[in-house]
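**Q** Once you have looked at the hints, place chain E with the ligands on chain W.
Residue numbers (the numbering used here), protein chains in the order written: chain W, 1 to 200; chain E, 1001 to 1565.
Since the hints were derived computationally from the structure, they do not count as laboratory data. All C-beta atoms in this analysis are idealised placements derived from N, C-alpha and C, irrespective of residue type, glycine included. Fair warning: there could be bad hints in the mix.
Across the chosen pairs, the derived CB separations fall in these ranges [unchecked claim]:
hint : chain 1 : residue 1 : chain 2 : residue 2 : range
1    : E       : Arg1272   : W       : Arg31     : 19 to 25 Å
2    : E       : Asn1002   : W       : Arg35     : 28 to 34 Å
3    : E       : Val1509   : W       : Phe36     : 41 to 47 Å
4    : W       : Asp153    : E       : Leu1192   : 43 to 49 Å
5    : W       : Ser37     : E       : Arg1272   : 20 to 26 Å
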Amino acid sequence: MSVKTSPPPRARPQAAREHPSGDPRFNLIDRTLKRFSYQQDALIEVLHTAQETFGFLSDDLLIYVARQLKLPLSWVYGVATFYHFFTLKPQGKHTCIVCMGTACYVKRAAEIVAALQQAFHVEPGGTTADGLLSLSTARCLGSCGLAPVLVLDGEVLGRETPESTLERVRQLLLTERSEAAPSANGDAVHVTNGGIHEPI
Amino acid sequence: MNRSDLEALAQRELQRQQAFRCRILCCASTPCLSSGATAVYDAINAAIKEGELDAEVQAVSTGCMGPCSRGPMVTVQVKDEGEFIYEHVSPEVGRQLVTYHARSAASPAEELPEPLRTRLLPSDMPFFAKQKKVVLSNSGLIDPERLEDYVARGGYAALAHALREMTPEEVCREIINSGLRGRGGAGYPTGLKWDMVRKARGDKKYVIANGDEGDPGAYMDRTLMESDPHRVLEGMAIAGYAVGADQGYIYVRGEYPIAAKRLERAIRTAERRGLLGSRILDSNFNFRIDVRIGAGAFVCGEETALMASIMGRRGQPTPRPPYPAQSGLWGKPTLINNVETFGNIAPIIQNGAEWFASIGTAKSKGTKIFALAGKVATTGLIEVPMGITLREIVYDIGGGIPNDLAFKAAQTGGPSGGCIPAQYLDTPVDYESLKALGSIMGSGGLIIMDEHSCMVDVAKFFMEFCMDESCGKCVPCRVGTVQMHRLLERITDGSATLQDLETLKELCVMVKETSLCGLGQSAPNPVLSTIQYFLDEYEAHIRERRCPAGVCTLEKTPVTEWVHA
Ligand SMILES: Cc1cc2nc3c(=O)[nH]c(=O)nc-3n(C[C@H](O)[C@H](O)[C@H](O)COP(=O)(O)O)c2cc1C
Ligand code: SF4
Ligand code: SF4
Ligand code: FES
Ligand code: FES
Chain W
1 MSVKTSPPPR
11 ARPQAAREHP
21 SGDPRFNLID
31 RTLKRFSYQQ
41 DALIEVLHTA
51 QETFGFLSDD
61 LLIYVARQLK
71 LPLSWVYGVA
81 TFYHFFTLKP
91 QGKHTCIVCM
101 GTACYVKRAA
111 EIVAALQQAF
121 HVEPGGTTAD
131 GLLSLSTARC
141 LGSCGLAPVL
151 VLDGEVLGRE
161 TPESTLERVR
171 QLLLTERSEA
181 APSANGDAVH
191 VTNGGIHEPI
Chain E
1001 MNRSDLEALA
1011 QRELQRQQAF
1021 RCRILCCAST
1031 PCLSSGATAV
1041 YDAINAAIKE
1051 GELDAEVQAV
1061 STGCMGPCSR
1071 GPMVTVQVKD
1081 EGEFIYEHVS
1091 PEVGRQLVTY
1101 HARSAASPAE
1111 ELPEPLRTRL
1121 LPSDMPFFAK
1131 QKKVVLSNSG
1141 LIDPERLEDY
1151 VARGGYAALA
1161 HALREMTPEE
1171 VCREIINSGL
1181 RGRGGAGYPT
1191 GLKWDMVRKA
1201 RGDKKYVIAN
1211 GDEGDPGAYM
1221 DRTLMESDPH
1231 RVLEGMAIAG
1241 YAVGADQGYI
1251 YVRGEYPIAA
1261 KRLERAIRTA
1271 ERRGLLGSRI
1281 LDSNFNFRID
1291 VRIGAGAFVC
1301 GEETALMASI
1311 MGRRGQPTPR
1321 PPYPAQSGLW
1331 GKPTLINNVE
1341 TFGNIAPIIQ
1351 NGAEWFASIG
1361 TAKSKGTKIF
1371 ALAGKVATTG
1381 LIEVPMGITL
1391 REIVYDIGGG
1401 IPNDLAFKAA
1411 QTGGPSGGCI
1421 PAQYLDTPVD
1431 YESLKALGSI
1441 MGSGGLIIMD
1451 EHSCMVDVAK
1461 FFMEFCMDES
1471 CGKCVPCRVG
1481 TVQMHRLLER
1491 ITDGSATLQD
1501 LETLKELCVM
1511 VKETSLCGLG
1521 QSAPNPVLST
1531 IQYFLDEYEA
1541 HIRERRCPAG
1551 VCTLEKTPVT
1561 EWVHA
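Looking at chain W on its own, in the form it has when it is part of the complex (with noise of 0.2 Å):
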């Protein structure tokens, strides 16, 4: 690669903060920044949108709301860890989170997860080597009726079995399979440890 021969980096005309990276998505986390006109206070609802747009907060993620609320590194960090509904690894294509509530436990949702991770070989708050399964747990998705409940890319489904649900995984890893060769970059725009996240 040639530094020589590619031109130069043409100015472009731009918002004075926007990321270095030149990557579109940050816009989106300067479009809630500015909602929130900047208020440090505002930190969990930035989080909320970076990583709704990333899927997951990376380093540099962290450092860049930090420099934008002028807060320290350390703060924004203690806050993104905080909260179980971050996710500073990058997750799978596919996310199965299974309800580990009371209503579920009762309905023995454990042994679900015990059958996931088996047979998947992935534990919860993991993702499987090929990066196409991310496995969690939540407790209660308010479905309780129903249990034992699971949400599998995004889709809330009642009444499940270890079976049940392994045939499900199994025929959504198996198109995802044969369609296309695994990519394991974790950057897809998608649901993330919340499951039935969406934005607003």
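**A** Then chain E with the ligands, alone, in the frame of chain W:
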């Protein structure tokens, strides 16, 4: 908009609704949606279109109707004939509902054609007959996304009444007289709290609705926010007027995106109509509401932690006093109530304190919403008058325990509560009675357990929850929950001795007495209450290394055994 505009709007909407011969209400709350309610709604709409019945039949997408495990639920209101409630409706059944009810005159339930007959719920079904809907009176009957639907059922009339006819002091007095107590768990008298904030000095005051719903296994608040968002907003606005606040926040749990979206939309609609925002209903009262979305921390349901979270910080509790009523958000006097508490306000203002106080028991007034779940035939959301017995809830409303198994215990109050064993099934459900049994009313989680539930394992489940959710600020809770969990783990894996049980009891008392906030102070409750009522199960695990319910696998050996061997 002023008061007569509001009444005109209600009239217009009522007339519009009455023009239909038949209204088909389709539940579109999350549990029914995951049972396929969207396809049912679409099929019903398609059938209306195909039959050219637009002028006679209206399909409405509503909030939760209650018996969520029987979903998708559909209620058909037929003019002059009454209501028909159907369970497990498939798209095909939905189509048949349209053609049948649009054309046929009333026929007795037994003569309905199949498959409608088997899906029709009897009108005197105890599930409905034993409930009393005050807070949920609109849930399942209105389209939560339409302000007009809410107004047609008397919505915002209480706010209009309070603004015109009552002083803030009178509003507080009315709430005090009603005897309403907080529905978030602790049961503090709501009116007294309002009066405290009203009297507090401050140039700015805030009102917060706590919609964090931390209890894992309960969804009352979610359903209220999703099924009748304006009810919560109206309650908050009346509170704002009563305490002198002009800004409200509603803190919604991060797992509830639909609730947040509906609230945002409801706020915007109400603002456009002059029912929120500035100069509400042409008065001098201004009140703005913003939604704040939680980020998944149970402790943020605790009021001081919740306020820290609204201010963008780590949700760690701070010692009280100062109470939020004196120094809350940004140091200003702040009123914080649960969303269900706010859901009670409009009915109280509209029907009067005496009406409300006539429901319930001497010290617990009104109704309570419970999320009935676990090993019971019909699970779902119920609203019952205070003082109803647990037996009525489990056997009449819930339809008993499936598979002819025996009732073992009911768990209330989630990780802060306790278990109520079978011998107390006839206890009235109110704040004092449940407390006397070592449990709490809690926010409304009610989990039924049968013989196949191991009570030690249940205690371990809740302790694991508290351990994970401890914010780590104070040592008794941060370290104590881990130790208690380890002891419970030893009991369930077979490696515990009777000494461990003693240590566990001591730790429970220590953590309870010395923790900073409610999370730590109540974390030992599930353990203490299961030890109180199910000591034999603990002892069976330790002495006989056997789990009576057959849940735990006790494969390890106590350390002392091989020391002595
Ligand atoms: C650990 C902890 C969690 C709590 N979670 C909730 C909750 O999820 N929802 C709620 O309304 N109150 C919760 N509370 C109670 C609140 O601190 C507060 O008392 C309540 O919101 C006051 O409203 P009320 O008077 O209407 O009940 C919690 C308290 C503690 C200690
Ligand atoms: S001593 Fe450790 S735990 Fe305490 S404040 Fe400092 S870094 Fe944090
Ligand atoms: S009791 Fe637990 S949750 Fe409460 S402040 Fe202490 S460590 Fe945090
Ligand atoms: S406990 Fe699983 S949905 Fe509530
Ligand atoms: S969600 Fe449909 S009845 Fe509760």
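**Q** Go ahead and decide if the range 19 to 25 Å is satisfied by the Cβ distance of arginine 1272 (chain E) to arginine 31 (chain W).
**A** holds (23 Å)
**Q** Is the distance from the Cβ of aspartate 153 (chain W) to the Cβ of leucine 1192 (chain E) consistent with 43 to 49 Å?
**A** holds (48 Å)
**Q** Within 20 to 26 Å or not, the Cβ separation of serine 37 (chain W) and arginine 1272 (chain E)?
**A** holds (23 Å)
**Q** So does asparagine 1002 (chain E) sit 28 to 34 Å from arginine 35 (chain W), Cβ to Cβ?
**A** holds (32 Å)
**Q** I want to verify a distance hint. Is the separation of the beta carbons of valine 1509 (chain E) and phenylalanine 36 (chain W) within 41 to 47 Å?
**A** Because 45 Å falls inside the window, the suggested range holds.
Of the hints listed earlier, there is not a single one the structure fails to meet.
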